[in-house]
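Peer 1: These are the residues of each chain, in order.
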Amino acid sequence: MTWNNLFRTARRNLLANRSRSLLTLLGIVIGITAIILVMSVGRGAEELILNQIRGLGSRTIIVEPGREPKGPASFVELFTDSLKIRDLPSLKNPAKVPGLSGIAPNVVQVVTVAAGAESLRTSVIGSAELLVDILGVYPAVGNFFTAEDIKQKAAVAVIGVETGRKLFGQTSPLGQKLRIKDRTFRIVGIFPAKGQVALFNIDDLIVVPYSTAQEYLFGINYFHSFIIQAASEALVPRTVSDLKLTLRENHGITDPAKDDFHITTQADAAERVGTITGILTALLVSVAAISLLVGGIGIMNIMLVSVTERTREIGLRKALGATNRDILYQFLLEAILLTALGGISGIILGAILALVAALILNQIISLGWQFTFPLSAAILGLLVSSLVGLTFGIYPARRAAQKNPIEALRYE
Amino acid sequence: MALIEVENLTKTYHDGTVETRVLQDISLTIQAGEFIAVMGPSGSGKSTLLHLLGFLDRPTSGAYRFADRLMTDYSDDDLARLRNQKIGFIFQAFNLLPRATVLENVKLPLVYSAIPEDSWELKARAAIETVGLTARLNYEPAQLSGGEKQRVAIARALVTNPAVIFADEPTGNLDSRSGGQVMAAIQTLHADGRTIVLITHETYTAEYAERIIRLRDGQIESDEPVAKQRAGEKLFNK
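Quick mapping for you: the protein sequence lines, in order, are chains V and G. Under the numbering used here, think of the first position of the first sequence as 8, with each following residue one higher. Under the numbering used here, think of the first position of the second sequence as 5, with each following residue one higher.
Rather than coming from a laboratory, the hints here were simulated on the basis of the structure. For glycine and all other residues, C-beta sits at the position ideal for the given N, C-alpha and C. Errors might be hidden in some of the hints.
Partial list, computed: chain V residues near chain G (C-beta under 10 Å) [as the list claims (entries may be wrong)]:
no. : residue
1   : Ala154
2   : Lys158
3   : Gln159
4   : Val294
5   : Ser298
6   : Thr315
7   : Asn411
Just a sample of chain V residues kept apart from chain G, beta carbon distances all over 12 Å, derived [as the list claims (entries may be wrong)]:
no. : residue
8   : Arg74
9   : Lys91
10  : Ser108
11  : Gln177
12  : Ser239
13  : Ser293
For reference, chain V alone in the conformation it holds in the complex:
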C-alpha cells in the first residue's frame, strides 16, 4: 500500500469519527499547549532577568558578604557583616585594584517612610554617587546627592516618581520633607519614570547617602554590597581577582575556601539565571508531560475500540490482499496523525496563550516582558506528540495486524 493511500484511508477514518477524534485529541492538545506555554513563558522570564542583569552593564562587579550561596545550608552566611568601611580605601587604591573605576557601597532595608499624613513601607537604599552612573538614570528634577553629602552624613534623599506620588499626591516633592524612621530628610532630586532598570524599580526608589543610612537609619557599620565598575569589560576578570586578593588581605584570609565575601559579574549572574530558569522550565515541562501520558493512554483506548469496531474491515482488507504490515501501518498512521494534529493544535494554542500572557504581564507589571516563541519548543512539541502516537498506537495496531482474517470476516 502506498503512503498516499495510507494517508487517504487514515484521514477518511478519522473524519468519519469526527467528534470522537476531536475528544481524543484534546488530551494531547492540552499536554502540548502546557509544554509550549511553559517553555515560552520560561524563556520570556529568562530574557527579562537577563535584560535586567545586562542593564547593570558589562563592566559591573558586585561584591556581597558571605560565601557564595550554594544551597540552603549557606543561607545564613548571606547575612554576615564582613564588608566594612575600612575596605573602601584599599579597594579604591589603584596600586591594589588598578582596574577599578568606581565603587558604590550599598545598604538596604525595608522601613516605614512618611510625609504629612501619608506613610508607606518600602526599601530604602543607602548608596553613593556612582549608583546613578551605573544605572544610567539621573534625576529629572533636582540633583543626586554628592560626595560631600556622604561625608557630612546629610539627611537628603532622591526618590522615584511613584514614591513621590504616593507621599505627596500632585504636589512636587522637590524640597519637601520626608520622614524615614522618624528622621527628617530633604528631597533633593526626583528620578524620571523609568520602570525597571537593572535590579531596581526606579519609580519606587528612595536613595539616601550610605553613611547617613548606616548611622541614623539602620544602625549598622557594614555594607550589604559593593557595586563596582571596572574601567573596561576586558579588565573585569583581572579586577575580580584583584578584588579577591585585596579583600582577603583586609580580612586576614589565607584559605580561599574560607572567603567571607563573594563576587558576581554580569556573566556569572547571567549563567546562574540560565541554570535556574532551565531547571524550573524542565520541572514544569515534566509536569505538563504527565498530561501527555494521560492523553496517550486515551489514544490507545480509542484505537483499541476502533480496532474492535473495524474487525470485519480488517478481515476484508486481508482477504483482498493486505499484508499484516499494511494493516499495522494503517492503524499506526491513524494514531500518529491524530496525535500530530493534536500537537500542531497545541503548539498554536500554546503560542497564543503565551502571547496573551506576555500582553497581560506587560499591562500589569510593566516589566518590559518580551513574547518569545522558542522554535525548539515547537519542534519538540511536534516530535513528542508524534512519539506519543507511535508509542500508544503500536499496541492497538499490532492487535489489528495479527487478527486472523477468517475470524475477522465472521465477526459480528
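Got chain V sorted already, so can you dock chain G onto it with the hints?
Peer 2: Below, chain G alone, put in the same frame as chain V:
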C-alpha cells in the same frame, strides 16, 4: 489445465483438549474455466474448504497445488499477495466499506496490488460497467439495494482480473429477484471464461454451475456434473 488440485486435504481445529475435524481427506481437481458449486448442510465444512482454497487458512495436512505450484511453503505475506493477484472473494454479507463510494470500494484490492495507480480508475470503472452499476459510481453502500451492493462486491472481486472467484453464499442475504440478478452477473463472469467456485445451500443457485460437489461431515459425498444446465436461469428470466 488443472488450476486447483488438492489431495487428502484435512483441517482440524483444536479448542482446548477438544479436537474437531472439519475437513477430512478432501481430494478434488478444478479445471481453469470451470463453474463449480459446493453444497452441503451447515457444518459440513464448505466454508472451511473455501478458506483453504482461497489462501485465507492453511490445511492441517494434505497437499494443495495452485497452478501447478505446491502452496505448503508460502509465507503469510506470499499468501496475501496471492489472494490479491489470483483470487476474488464475494461474501454473503457483501463486506463493503461503509463510508467509501462504489468506485472507492471497487478500487480497494488495487490499493494492495503492484498495479500502477494511474490505471486504477480505468480498471475500476470497467469492472463496475460489467456489473451494470456505472450510474451508481459515487454512491455509498448505504444508498444501494442489497442486490446492488453484492454487484459492487462482484466488481471488486473482478477488478484485479483474478484466476478464480470464490463466492460464499452470495445470494444468502438477498430476495430471489436480486439473487437472480447477482447470479446472472456471476454467470456473465463465467461466460467470459473465469473459474468460479460457488458455495451455496440453495439448489436453484447451484444449478448455474456445471458441476456440484456435495459435502457432508467434512467429506465429499458426491461430485458430479449438472445435467440440466441453465434451468435456474430460465426460472429467473421468464
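Peer 1: Can you list which hints this structure breaks, lowest number first?
Peer 2: Violated: hints 1, 2, 3, 4, 5 and 6.
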